[in-house]
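2 protein chains.
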Amino acid sequence: MKERLAEVHHLRVADAVLGWDEQTYMPPEGAAARARVKATLNRLAHERFTDPEIGRLLDQLAARLEAAKADPDSDEAALVRVVRREYHKAVRVSPRLAAALSEAASQGYRAWLAARDANEFAPFRDALARILDLQRELAQALGYGEHPYDALLDQYEPDLTTAEVERLFARLRQGLVPLVRAISERLDAVDDGILRQSFDEAAQWRLTEEALGAIGFDFRRGRQDRTVHPFCTAFSPQDVRVTTRVAPDQFAFAFFASLHEGGHALYEQGLPAHLAETPLGQAVSLGVHESQSRLWENLVGRSLAFWRFFLPVAQRAFPRQLGDTSPEAMYRAVNRVEPSFIRVEADEVTYNLHIMLRFDLEKELIEGSLPVDGLPARWAEKMEEYLGITPPDHVRGVLQDVHWSQGLFGYFPTYTVGNLLAVQFYRAAVAARPHIPDAIERGDFSPLLQWLRTHIHVHGSRYTPDELTRRATGGPLAAEPFLNYIREKYGALYGVPAGSG
Amino acid sequence: MKERLAEVHHLRVADAVLGWDEQTYMPPEGAAARARVKATLNRLAHERFTDPEIGRLLDQLAARLEAAKADPDSDEAALVRVVRREYHKAVRVSPRLAAALSEAASQGYRAWLAARDANEFAPFRDALARILDLQRELAQALGYGEHPYDALLDQYEPDLTTAEVERLFARLRQGLVPLVRAISERLDAVDDGILRQSFDEAAQWRLTEEALGAIGFDFRRGRQDRTVHPFCTAFSPQDVRVTTRVAPDQFAFAFFASLHEGGHALYEQGLPAHLAETPLGQAVSLGVHESQSRLWENLVGRSLAFWRFFLPVAQRAFPRQLGDTSPEAMYRAVNRVEPSFIRVEADEVTYNLHIMLRFDLEKELIEGSLPVDGLPARWAEKMEEYLGITPPDHVRGVLQDVHWSQGLFGYFPTYTVGNLLAVQFYRAAVAARPHIPDAIERGDFSPLLQWLRTHIHVHGSRYTPDELTRRATGGPLAAEPFLNYIREKYGALYGVPAGSG
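Quick note, the sequences are listed as chains A and B, same order.
Read in order, the letters of the first sequence are residues 134 to 634 in the working numbering.
Read in order, the letters of the second sequence are residues 134 to 634 in the working numbering.
It should be emphasised that the hints constitute simulated quantities derived from the structure, not laboratory data.
Below, in silico cross-link-like pairs of lysine to aspartate or glutamate (EDC-like), each with a Cα-Cα straight-line distance of 20 Å or less:
#: 1; chain 1: A; residue 1: K135; chain 2: A; residue 2: D208
#: 2; chain 1: A; residue 1: K515; chain 2: A; residue 2: E471
#: 3; chain 1: B; residue 1: K222; chain 2: B; residue 2: E279
#: 4; chain 1: B; residue 1: K135; chain 2: B; residue 2: D192
#: 5; chain 1: B; residue 1: K171; chain 2: A; residue 2: D148
#: 6; chain 1: A; residue 1: K171; chain 2: A; residue 2: D148
#: 7; chain 1: A; residue 1: K515; chain 2: A; residue 2: E500
#: 8; chain 1: A; residue 1: K171; chain 2: B; residue 2: E136
#: 9; chain 1: A; residue 1: K622; chain 2: A; residue 2: E318
#: 10; chain 1: A; residue 1: K171; chain 2: B; residue 2: D148
#: 11; chain 1: A; residue 1: K222; chain 2: A; residue 2: D184
#: 12; chain 1: B; residue 1: K622; chain 2: B; residue 2: E318
#: 13; chain 1: B; residue 1: K171; chain 2: A; residue 2: E155
#: 14; chain 1: A; residue 1: K171; chain 2: B; residue 2: E155
#: 15; chain 1: B; residue 1: K515; chain 2: B; residue 2: E497
#: 16; chain 1: B; residue 1: K515; chain 2: B; residue 2: E478
#: 17; chain 1: B; residue 1: K171; chain 2: A; residue 2: E136
#: 18; chain 1: B; residue 1: K622; chain 2: B; residue 2: D480
Chain A extracted, bound-state conformation (with noise of 0.2 Å):
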C-alpha cells in the first residue's frame, strides 16, 4: 500500500516540479508541451490512487486494524482513515468529469486573461456559466449534507460547512464594517510614506533573504526565486520552494510576500518527514496552511516587537530610505488600512470582507440564485456594502482573480480561515510561552517556531483541522480572537472608540 501511495506522490511530485518550473524559469514558447506533461502526470496520478486494488487493500486494512482494536492515532490507523477519506472522494469523479474540468479550466483561463484584456466580462461568460455547470456536477458527484456548496468548501477545508462559514462570517461582518467605516474617516492617521520611496531590487532581495533566514527557514532545504506571483511549493520537507516579486518603489510588497510564503514554508519543512510519501505526511487543509503563513506575515511580521528587532537590519540595506525612521513609525507604516479594490493588495482589516464577498457570490451562483449575467451588477453592489466603496471597472472588479476561470469555487473561505486561526494559534503558542514576544523583540523565532512544529507542523493530516485546532488551542475555529486582536491593534492605531465594530 505505501509503495502505491508513493508511486502516486511521485507523480504529483513531478507535477509540482513542472509547475514551479513554469513558474520559474520556463521559457516562453514552452507552454504547450508543458500542459501536455502535465496533464498526463495528472492522469497517471489519478488513474494510480483509483485503482479499485487501492480501495480493496484499505478495506482489508481498515478491517484489519479495528479487528486488532488499533490506536485510532497511530501512523497506520490515521493512514487508513485518511487515505480512504481521500480515495471515496476520488473515486466519485469519474475520468469523464475530471477531463471536462480540466477542459472548462483551460477555456475558462484563456476567457478570463481575454475578458481582462477588454475590460469586459463578456468574453468570460460563457466560460464561466460551463464551470459553474461543471461546479454543481461536481458537488452532486462528492455529494453533501445540506448545500450543494458544502462538497466544494470539503475539496480544500474537510469537514467545514456552508452553515459554518455563514454564521462565522455574519459575526466577522457585524465587527469589522462598523470598524472599516471608523478607519475611513481617519485615514491619514497612519502614514506609509517610508515604504514607497526607491529601494534597490538586488538590496531588497537580500533582505526578503535575511529575513526568511531569520524566522527559521532553511536554505539547506528550501529556495527563493522571483515569479510574477508569489507562491510556495513543496517536493518534500527537504525541498521547500519559496517565490516573491521586487517592486523596486514598494518596500512592503516583496518583503511581506515573503514572510507569507515563508511562513507556508516552515509548515512545509516541519511536517514529518518518515510520512512524507503518504497523504498522512501532507498539510492538512489550506486554511491551517494559510494561517501559517498569516501568521508569520502579520502576527509576527507587522508586530511592534518584530520591528524593534528588524528595523537595524533593515536600515543597514536601506540606510538612506530608513535611517530616519523608528521601530514604532515603521509599525505603523506597515499596518495601514485602507478600503480598495483589489484583494490581494488590502490589509488586515479589510483583507476578510473581500472574502465575504467572494462566499456571498460564490454560493448564489452555484444555488443559481444568481445568474452569471448578474454577476458583475452584485459585486459592486456587495463592496459598497461592505467596504463603502464601488470598483471603477472589471479589472479591478469581478476580474481581478484567478480563480473561478481555473474553477476554483469553495477555494476562497480558506483564507479568512487562514487569518483566524493564525490568531488563534499565535495566542496559544503565547499563552504557552509567554516570553515569544520578547523573545521575537530581540530576533528569537525558535520558541514560536517550536511551538508551531509541536502543535501543527509535525501532525501533518493526522488529525482533521477541527481536531488539530482544537488540541492546539482548546477550542473550535472562531470569529471572537480575530476580532480582538483587530479591534485593539488598530483601535489603537487609529484611535477608534472601542465601540466601533
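Dock chain B against chain A, hints included.
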C-alpha cells in the same frame, strides 16, 4: 499508438525536467527524495513502453503498412520502424536486470566519489566489477553479431560495430600519434596567455549569451543556466536548456562550453516539432548529437573567420584584456595543443586519443581479457603509448570520468564519432554553400544553420545514423576528412611538416 508513445514521452520529459532542476537549482537536501521520484518516472516509462499491447499494435501497424506498400520514408512507416527497433531492445531488458543496473549505478557512483576523495582505485574496484558483470549480462540480453561490445555500442550509436570502431580508430591513431609527437616538440609555437587573465564573471556570462544568440539559439525556446558540469537537455523543440560554468581566470572554458552546448541545442530546437512526442522526433544518436556540438564549438568557434567577426564583440566586453589582440592571435590562442591528462580539457588534436584509450580498455574489460585490478596500470600504459605522458595519480587518470560508475559502457566512442562527423558535415555544407565561411566572417550563421536544419535536424530519427551521413555527405562515417582538417589546420599553426601524421 501515438497516445501511448506520448504518455511514455511525457514521463521521460518529466524525468528530464527533474534532472535539470537537480543540477541547477535543487537545494542540497532535496537529493534523496528526488532520486525516488525519478526512479518512479523511469520505471513507469519503461513499464508503459514495454507493455505487450504496444508490441501487438506495432506488429499490426507494420503488417498494415506492408500490405498498403507504404512509402518507407513516410512518417508512419518510419515511426513504426523506429519504435519497433526501440521496443524490441527495451523488452529484452528484464525488469530485474533494469533494477540491478540502476542499483549498481547508484552504488557505483557512490564508490567512485569515495575513490576520487581518497585518490585510490581500490574503493571503486568491487563496484566496477559488479557493473562489468551486469554489462556483460546486458550485452547477452540485447544480443549482438560478433562482439558483446557491439550490443553496448548500439545503445548509443545504432548499427555501429566494434569492428568498424577499430578500423576508424586505427586510421586515426596512425595519423594523430605522430602529429601529437611533432607538436609536443614545439609547444611554445602557440601562446594562449591572453585567455588566462581575470575575466569578470557577469561579463563572461553576457558574452556567452551573445554568442549563443549570434549562432541562432532561440532564447524564446530555451535558456542558459549555471551548473558545475555543462550540459544540454531538451523538453521539446520549444524548450531546450543549456548550462555552462564560468571560470573567472579562464576565458575559454565558459565560452566554448556554451558554444558546444549551443550546438547540441540548435539540433534540439531544429528537430521536427510535429513528431516531438514520438521517438521519430528525437535525436538519432549520440554521435550525431556530438557532431552538432563539435561543429559549432570547433569548426565554427575555433575558426579564424569566427574571430574576425566575434573579436570586436569580445573586446567590447573585455577592453582591457582583449583590446590589443588581433583575430589571428585569438585564433592561435584558442587552438593551443598540449597533451594533458584530463579528457574534458583536451584540445581537438589530442581529444580522440583519450577516447581511443577508453575504447581499448572497455573492450578488454567487457571481453574479460583485462582484469579489473589491472585497469590502472593499463591506463597508464596506454596514456604513454598515445600521448607520451603518465598520469601522476588516479584522479588525473582512471578515476577522472563518471561514465563507468554509471554503467555507461559503449558511450565514449560516440564522442569521436561526433568529432569525425562534425568535419564531414561542415565540409558538405561548405561544398553545397561555398559562401558559408564568408558569411561567418560577417556574423551571419544562417547559411550554415539552414543547411544543418535541412540535412540533419529536420530528419530526427527517420534515417539511421549511417543513412543520414550518406544522404548528407555522400559517403559513410570516415576518418580521412577529420585527419585532413587537423593536419591542415595544426600543421599551419605549429609549422609541422606535412609528413607528420
